[in-house]
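Protein chains: 2
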Amino acid sequence: MAFYIQKYGGTSVGSTERIKNVARRVAKFHAQGHQLIIVVSAMSGETNRLIALANEVQSNPDPRELDVMVSTGEQVSVALLSMALMELNIKAKSYTGAQVRILTDSAHTKARILKIDEDKIRDDLKAGYVLVVAGFQGADAAGSITTLGRGGSDTTGVALAAALKADECQIYTDVDGIYTTDPRIVPEARRMKTITFEEILEMASLGSKVLQLRSVEFAGKYKVRLRVLSSFIEDGEGTLITYEEERGMEQAVISGIAFNRDEAKITVLGVPDHPGIAYQIVGPVADANIDVDMIIQNVSHDGLTDFSFTVHRGDFDNTMEILRDKIQPHIGARDVIGGDRIAKVSVVGVGMRSHAGIASKMFRVLAEEGINIQMITTSEIKISVVVDEKYMELAVRVLHKAFDLDQVF
Amino acid sequence: MAFYIQKYGGTSVGSTERIKNVARRVAKFHAQGHQLIIVVSAMSGETNRLIALANEVQSNPDPRELDVMVSTGEQVSVALLSMALMELNIKAKSYTGAQVRILTDSAHTKARILKIDEDKIRDDLKAGYVLVVAGFQGADAAGSITTLGRGGSDTTGVALAAALKADECQIYTDVDGIYTTDPRIVPEARRMKTITFEEILEMASLGSKVLQLRSVEFAGKYKVRLRVLSSFIEDGEGTLITYEEERGMEQAVISGIAFNRDEAKITVLGVPDHPGIAYQIVGPVADANIDVDMIIQNVSHDGLTDFSFTVHRGDFDNTMEILRDKIQPHIGARDVIGGDRIAKVSVVGVGMRSHAGIASKMFRVLAEEGINIQMITTSEIKISVVVDEKYMELAVRVLHKAFDLDQVF
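From first to last, the protein sequence lines stand for chains A and B.
Per this note's numbering, the first sequence starts with residue 321, numbered consecutively.
Per this note's numbering, the second sequence starts with residue 321, numbered consecutively.
These are calculated hints, taken from the structure and not from any lab test.
Among these hints, one or two may not hold up.
Pairs count within a copy or across copies, as identical chains cannot be separated in the list.
Here are the simulated lysine-lysine pairs, DSS-like style, with alpha carbons at most 27 Å apart [stated by the list, open to error]:
1) 485 <-> 430
2) 430 <-> 411
3) 646 <-> 435
4) 340 <-> 543
5) 348 <-> 485
6) 440 <-> 430
Pulled out of the complex, with its shape left as it was, chain A reads as follows:
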């Protein structure tokens, strides 16, 4: 008998039929005697429908009112799942975020959880209820409804697990775990039985969108046992997100290959290399609300250096304009060049900390395939390269094989 928080995403509750399937799955766990809190998202498509309505009415929807609207999506889901559970003769009860209550700050549309009241929930659990809690939402001190931002339902699950000291927080999704890389590109990709928090943070930020990054950080901070499973497969064990020290000796050096083709690269050539130059380039870009991902600056020659970074592909034209109109003349750079036909490929693994030679192996493997590396950045547990977009699949496949990720061990 254990105490589980289970989170089901929008796809898992995307129709009343699917909600009934979730209810049957929950019923199985309930029959095994487990205590259960189920966190659900809005039915898939619902949040976008509501945002579209808001946009029809106000050119820049008021964040407080947007939260009032959007939070109804999960409110409908919790009621439907509670009903579906009752239809299976299980005592169930729904809670909105405000009812729990999940106290947040007042940063509407991207609120942070401050505190979770446990009393009502504990009483209901003791009384034998399966509780169904609306993900993604809370209420601030004044009682206004807040939302946690896209994907915030994962965060709700983890926060409940942390506050109530659940045995495990299980994130049910449309994949059956986290893979060494995308199986659509490398058929030999394997589901990982475990992955460390550090690795998944790197994988997530590189485009493997199985878990919301913030919920993983949250879980790491409060040492919540987090597991990703499929809501469409029976009895899968998914992937357990774990701590480095828990991992066995035989852990592979590299855990997975991540990739991302949503980016564009920009290089400012011939930049006078003096203090403050990085800020002068990146500052105006950030001021225009453009996110910058990789940033690379190499040593300078003759007082001049080249400064490169990547942005989301959709921001490419806008960024080029800002650089050419505002920044280049201002800082006296020689030229601004860029391209949006690129892809980023990364190898990730906590094991690389203690192993030399990962980078050189990666570069050799790519060279053997004639794939030119345009940019490189590294962190403690990952190495990312930018290559021509057309080589992305090939790069992922050969790296996956070279690092033995298709081997079961």
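Guided by the hints, dock chain B onto chain A, whose structure is given.
Only chain B this time, still in chain A's reference frame:
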């Protein structure tokens, strides 16, 4: 400068375009310096959509969870109207029923309002906000979301007006007031400038569905000034619901003609006339959740009487079955007969209390047209007759003319 509660129904907020129209109307009142609380219903169709979803999941949807779902309809409306007001540069803020809070009992799907917290609302009004409050909903002492039953948004408006002592509660709807009868049947039908609470209660229960009955009772109890207006016509004055003593001397004897063709009549013939017989007939019908409207029992002959009543037309077959299978043999009645091709026509008016001859005039007018009266019931301020359905329009027209309702006075 006055303090108005304005309620807009589902049709008035049925699309984002209509919501913008409501916002423009509210803006006009705001510009005149009035304090405003706007109560809105769910967008038309939304409540039915949500109930249909619930029915897909649970054969008999749990009332608590149904309220959680259905209340999202108004929650979306209040956010959208607040946004639309802000788009017109008006400070606006939405409130759900639970946020106000509107405290109700725990009778889910048909809760009664117990108390309204004024503090937050008063503060916001003082701060210059137009408040947009979700109709139809509240929360019980445990914080569970409740709904007040269909049409409960009118009740929310009246309850707010009573609690906050507003100058007037204005119910905006798709008609521009209350008419002497249905203008589709009698083109000469006039909008009444005023109608008494007693009259509107009789009119409403007879099928004139402009206002929800309960809200009218509520308004009468707390002496709330209630006005019905059109949300599609500019500057109409609508119909003011008033108290008998406020009415002028020149008030007509009859205020309006109501009618209803949704009923069926049933007569149990040759019933042994002894105490308890009415209960023995009506009890099993009520137990089957069938509403009974008119009930008529005349004096008996030779210890036998005939017992008649009307039910909703959709309940006719079911009721006949109950009577023939369970009641007739049990009480030893001679026969059960009935018909569903009937209509009820009523004349209503507080003036009839002090005027003899209304009934005889009504019966004479119908007789002159060859319309046979099948059943008659009376109350202090109304006389209802059941006639063959095919004569309904004719009956309404001739009565409307006979009682001078087409005269402007």
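The hints, checked one at a time:
Taking identical chains as interchangeable, the C-alpha atoms of residue 485 and residue 430 lie at most 27 Å apart only when both belong to the same chain, with a minimum of 25 Å there against 38 Å between chains. Within a single copy, residue 430 and residue 411 get their C-alpha atoms only as close as 33 Å, which misses the 27 Å cut-off; across copies the closest is 22 Å, which meets it. Neither within a single protomer nor between protomers do residue 646 and residue 435 lie at most 27 Å apart by alpha-carbon distance, with minima of 44 Å and 60 Å respectively. Taking the shortest Cα distances, residue 340 and residue 543 never come within 27 Å of each other, neither inside one copy (32 Å) nor across copies (49 Å).
In the homo-oligomer, the alpha carbons of residue 348 and residue 485 lie at most 27 Å apart inside one protomer (22 Å), although the nearest pairing across protomers, at 54 Å, exceeds that limit. For the homomeric pair residue 440 and residue 430, the shortest alpha-carbon distances inside one copy (25 Å) and between copies (25 Å) are both at most 27 Å.
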